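Each chain is listed here by its residues.
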Amino acid sequence: MAKIKVRIDGKEVEVEHGTPVIQAAEKLGIDIPTLCHHEDIEPYAACRVCIVEAVRGKRRRMVTACNYPLSDGVEIFTDNERVLRTRRLILELLLARCSEVPVIKELAARYGVTSSRFGYDPKEKCILCGLCVRTCQDVVKAHVLGFAYRGGKRKVSTPFGREQCSDLCITCGACAHVCPTGAISIHDLSLDKGAVPEFTLGPKSAIYVPFAQAVPKVPVIDPDACIQMQTGGCSKCLGVCEPAAIDFGDEDKIEELEVGQILLTTGFQTFDARAMAQYGYGRYDNVLSSLDFEKMLNASGPTGGQVRMKNGQTPRAIGIIHCVGSRDVRHHRYCSRVCCMYALKFAHLVKDRTSAEVYQFYIDMRAFGKGYEEFYGRLLDEGVIMIRGKAAEVVEAPWSIGNGHEGYLAVRCEDTLIGKFREIPVDMVVLCAALEPNADTDKVGNIFSLARSPDGFFLEQHPKLNPVGTVNEGIYIAGACQGPKDIPDTVAQAQGAAARILALIAKGEVLLDPIRAAINEDLCGGCKVCNNLCPYSAISFNEEKRVSVVNETLCKGCGTCVAGCPAGAIKGSGFSDEQIYAEIEGLLADAGGK
Amino acid sequence: MPFEPKIVAFLCNWCTYTGADLAGVSRLKWPPNVRPIRVMCTGRIDPQFIVKAFREGADGVLVSGCHPGDCHYYEGNYKALRRVHLLKRMLEEFGIQPDRLKLTWVSAAEGERWAAVAKEITQTVRELGPLHLEVG
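Protein chains in written order, with our numbering: chain L, 39 to 632; chain S, 19 to 154.
Bound conformation, chain S alone (with noise of 0.2 angstroms):
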């Protein structure tokens, strides 16, 4: 059976996850590796949140919210970015390739970049192939 990647993303309410649900009623088609999870700010994410992914099984993960400087709460999505950037030069020590995780920026009303950037993702993780996470 061909690899399938499950990939866990975490969402902004305002704009990707309003962007991802527009490319459900425009029936847009998505991989259904992505798999969201709604917060209302990229900026609630905690890089624990996206650490525990990877330890339940996640081959990779998306974070995805609102342009910089377009943020609904101002400039959550700022402290995402640098979250993100710092995490991911910390996943590398622990052997989960930088590719893994990806931040992207799409807005309420980009429902076709929506399924462009899961297309994307789940292309990019499927070439890395499952992630085998040594734990112990």
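Only chain L is shown next, with the shape it has when bound in the complex (with noise of 0.2 angstroms):
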């Protein structure tokens, strides 16, 4: 394209033959104002506000500085006269229509508009720019957004005019994003029904690092929320990308691997305290579980680290819950471990960070590790208020409201040491959810036969001699997903069972007990009953030679197969049928059988 040069308010600059004003006018630093402006969409020239005058010789004309293309020989003004007089004009237009619009009033303002002699509208916030329209059908390619109707009856609507909620929104937020007006706004209508979206707190984009502390820290894309994935249209990213490391085209892939031994550290879950619907989890905005308090609490979360309750307050008091889920007959018997500990740490963060009171309500304090106890005296110095007792219920406190803030929420508990019931107002409750065993734990134990303990967690070998160990020789287990505990003992546990495995690779061999037992090829009948019965997972079939195969190393030469083979094709050696028949016979020498 050929370069010009042109004037612009007096000042020369050169661009391609072409080029819109307000991009020329973007390099010399004049600020042309615009509404429906936006860099990614083609303009529009539907608000009419960025209009300028242009020149060439003695013709002079009005023109739209997003869209005209300048050519040799114009000279545009932005600011002249004529300029600032018509552009008060439209000003005061744009102000009829949506006369109480922040956005609008503010820039009718800087020109001098603060009042309309063409009407007055305090509900009207959208001045059909049609930004909401390109951008939904040019970038997002949804094509949900589009006008209807003709002149004074114009408006942005979506097809059979289902404003509301339109079934071909893929709510991606895009013509929300790009409104200049805030006229068209996303809303999330599960949020209506109770539900806790995965992650709270804060908003999210279509891709992103999930946290400060990910490993390894890079940026994923949400298949449900990206726009590409879902209409093939925007692929911003891939423009921005300097080193292309976005591929869509990017599928899972599954890998064989052959290795002599498996660690498994699968990790637990969260219990979902939606269960328990008395402390009011999903239901009242300020009632938080303990992940998304430490969610809160991290610097490069999502309020910086400050607490703050959903409509940005600072709380005046904080009742921390435990024993939410564990402990209970009704979900889980057992203790989850970390709870008391992480408590008493949100306790002396709260306290840190802020003047809120903090109530623990609980039923005993663990403090059983290194330093622990003596954290827990420091709280009670800190003026942690301790309450023993099981919170019965979170509700609202009714008499509570009014004086300019919302009310207190209140934990009704009884407290056992002063043999009373309470209700203790608080602003927000955070509870200490049970550690639980991950929802998949039943396919992933039949993928590597392990036997779960009662409490659902992986049983291990032996709870004192082999913790990491499992029933299975050369798989193991460490961290959560064996039980609940915190990170010195997962810690521990990982270091353990990463000395076991090198232990064994290091040696080079494997001691085989002789105890065992062995398949005889020519009398097995491929009945495959043998293949169930070992607990070990021990008997394979060989699909060529169409007989059951014991592996050595996996043998413990219980004996079960044995007794089991309806063919008598497996012998156990040490424990044959032979050396037992002798036994009996043996035993019974003097009895004059049959």
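Since the hints were derived computationally from the structure, they do not count as laboratory data.
Bear in mind the structure is a predicted one, so any value in this text is a computation, not a measurement.
Beta carbons are placed, not taken as given, at the ideal position from N, Cα and C, and that holds for glycine.
Where hints are given, some of them may not hold.
Among the chain S residues that face chain L by a calculated CB cut under 7 angstroms, a handful are [claimed, not checked]:
hint	residue
1	49
2	57
3	62
4	64
5	67
6	86
7	88
8	94
9	96
10	137
Okay, the calculated bits of chain L under chain S, using three or more residues with CB under 8 angstroms as the criterion [claimed, not checked]:
hint	stretch
11	597–610
12	616–627
Two chains, each in its own frame: build the complex with the hints.
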């Protein structure tokens, strides 16, 4: 494209032929007000606010800066008398239509327009700039929004006029994002039903770094929110990523690895506190789970580490309820081990960052580790109020509404140490949710033939003598998947498991017990009864030979398969059928049997 | 001469056999009528062993292993449970009273319980009398 020189407000600038005025002005640092302009979308010139005067020779006319193409010999004036007069009129007209929209009022005031002779409408917010329509059609490519009707009745609408909730809308929020006046908004209807979104406490875009401590610390794309993955539109991220690290065609790959030993550290999941409806999680805005509160306290979290209620105010009092889902016959009988200590940590941080009262509703204070009891003592000195008694319920305290604030939540509990029922007013409640086994523990357990202890976590081979091993030689478990535990214990277990694994690798050979089973190929009929009997999954079926085979390394010599084989094809060395028969005969030699 | 029953006991190595050993070490008295055979796990016990024992002249058979859930080999004792219960019903058809075959759970720490179990089955079988098995 040919380069041309143009003058804007007396200043000269060199641009390509056809460049819109607004871009050339930007180069010179001249600011032209706009409402319907967005750099990612084709200019529309709907709002007319960017009007400027273009002069060529003797001919002068008013043009819109956002889309008027510059050519050689044109001079532009952005703030001469005629432009300012025209712009004021345009703003006065806009003000008549959208009289209470902050952006319009502010822009008009900048040019000295504070009221409009053309009328007053406090309700209208849409200036028909078309940004939402164009974004939805050209960027998002969902084609949900469009203009309807003509003239005075013109408005933005969705197919069949379903403006409250269009099922075609992919709720990307792009329209709400580009709207200059806030006329269009996104509302998650599921939140009305008390659903707790996975990532509460803050907005999240479709491409995001999960949190500052994520490993690896790279952004991920949420396929449900990403516009590209739903409509094929957008793809703005491709343009900004310098190392071109984004590949929308990426798919999950399944890899097969041959290994000698396996260590499982699949962790835990948090108890869903909605199951205890009396605590109001999911119903009341300011009842949070421990993980929610942890996010809030994090310096790189949604509030930058500040403790805030939903309405942005600092709470005056916080109640922390222990054992939500733990030590409970209706949910989990076990103790989740870590909650007492993190509840104390929460209390300490709240005391540190706010002047709020902190109440702990506990059954027992379990401060079992190094420095833990001392920390508890410190909390007592800091003035944290400990109430020994299970919290019965969390309610909204009707007596507290008014006086400019929205009122307290109240925790109803029994204070067993003074023998009374109490109702404690708090602004915020934090629930110490139980640690429970992952939802897919059954599936994972089946894959590795792992048993589960009654609490649902994976079963260790021996609670004292082999806490990281399992009944299957070569498969180890460590961390919370074996049972709730805190970080020091998890690391200790992980190191222990690693040491065991390395020891076996270093030894280079495995000692086998001579007491084990072996299948005679000639006698085996391929019925596979033994395959399912083995608790160690040591028997597999050889498809080619059509016989079962015992894995010598896994076999523990229990003999269950030997007894179960209908063909008598399995020999249990050390305790073979012949040996046992001989013993029986010997023991009863004096019996005169038949 | 009063009838002294001959009882063969199949004991699992990790639990009952060790429990019986503990009974011995503790100098507890239990009847010599019960003659133990050690197997690694009660799951090893083929019902044919029990039948063989009766054929060789045993008046009673005891099978004893780890308590359910505690099997050293994880679930061998459940398999023994299934087999013994099924066998009991079959033995009845052969004219062997079901009380002659007993299944118990005795752990490695239960020396006293072992002594009690041994006494009990000896008494039961003594009252039932000798088993005259017709084989033909």
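Going down the list of hints, with the structure as the test:
A hinted interface residue such as residue 49 (chain S) counts as satisfied when its beta carbon comes closer than 7 angstroms to some beta carbon of chain L; here the least separation is about 15 angstroms, so the hint is violated. The criterion of a C-beta within 7 angstroms of any C-beta in chain L is met by residue 57 (chain S), whose closest approach is roughly 6 angstroms, and the hint holds. Checking residue 62 (chain S) against chain L by beta carbon gives a least distance of about 3 angstroms; that is within 7 angstroms, so the hint holds. The closest approach between the C-beta of residue 64 (chain S) and any C-beta of chain L is roughly 4 angstroms, which is under the 7 angstroms cut-off, so the hint is satisfied.
Because the beta carbon of residue 67 (chain S) sits about 6 angstroms from the nearest beta carbon in chain L, less than 7 angstroms, this interface hint is met. For residue 86 (chain S), the interface hint is violated, since its Cβ never comes within 7 angstroms of a Cβ in chain L; the closest pair sits about 13 angstroms apart. Annotation: interface hint on residue 88 (chain S) violated; nearest CB of chain L at approximately 12 angstroms, more than 7 angstroms. For the restraint placing residue 94 (chain S) at the interface with chain L, the shortest Cβ-Cβ distance is roughly 5 angstroms, inside the 7 angstroms limit, so the hint holds.
Checking residue 96 (chain S) against chain L by beta carbon gives a least distance of about 10 angstroms; that is not within 7 angstroms, so the hint is violated. The beta carbon of residue 137 (chain S) is not positioned within 7 angstroms of any beta carbon in chain L (closest approach about 19 angstroms), and the interface hint is therefore violated. Coverage of the stretch 597–610 of chain L by chain S holds [criterion: at least 3 residues with CB-CB distance below 8 angstroms; count 6]. Residue count for the stretch 616–627 of chain L with a Cβ under 8 angstroms from a Cβ of chain S: 7. That meets the three needed, and the coverage hint holds.
The structure fails hints 1, 6, 7, 9, 10 (numbered hints given earlier, in ascending order).
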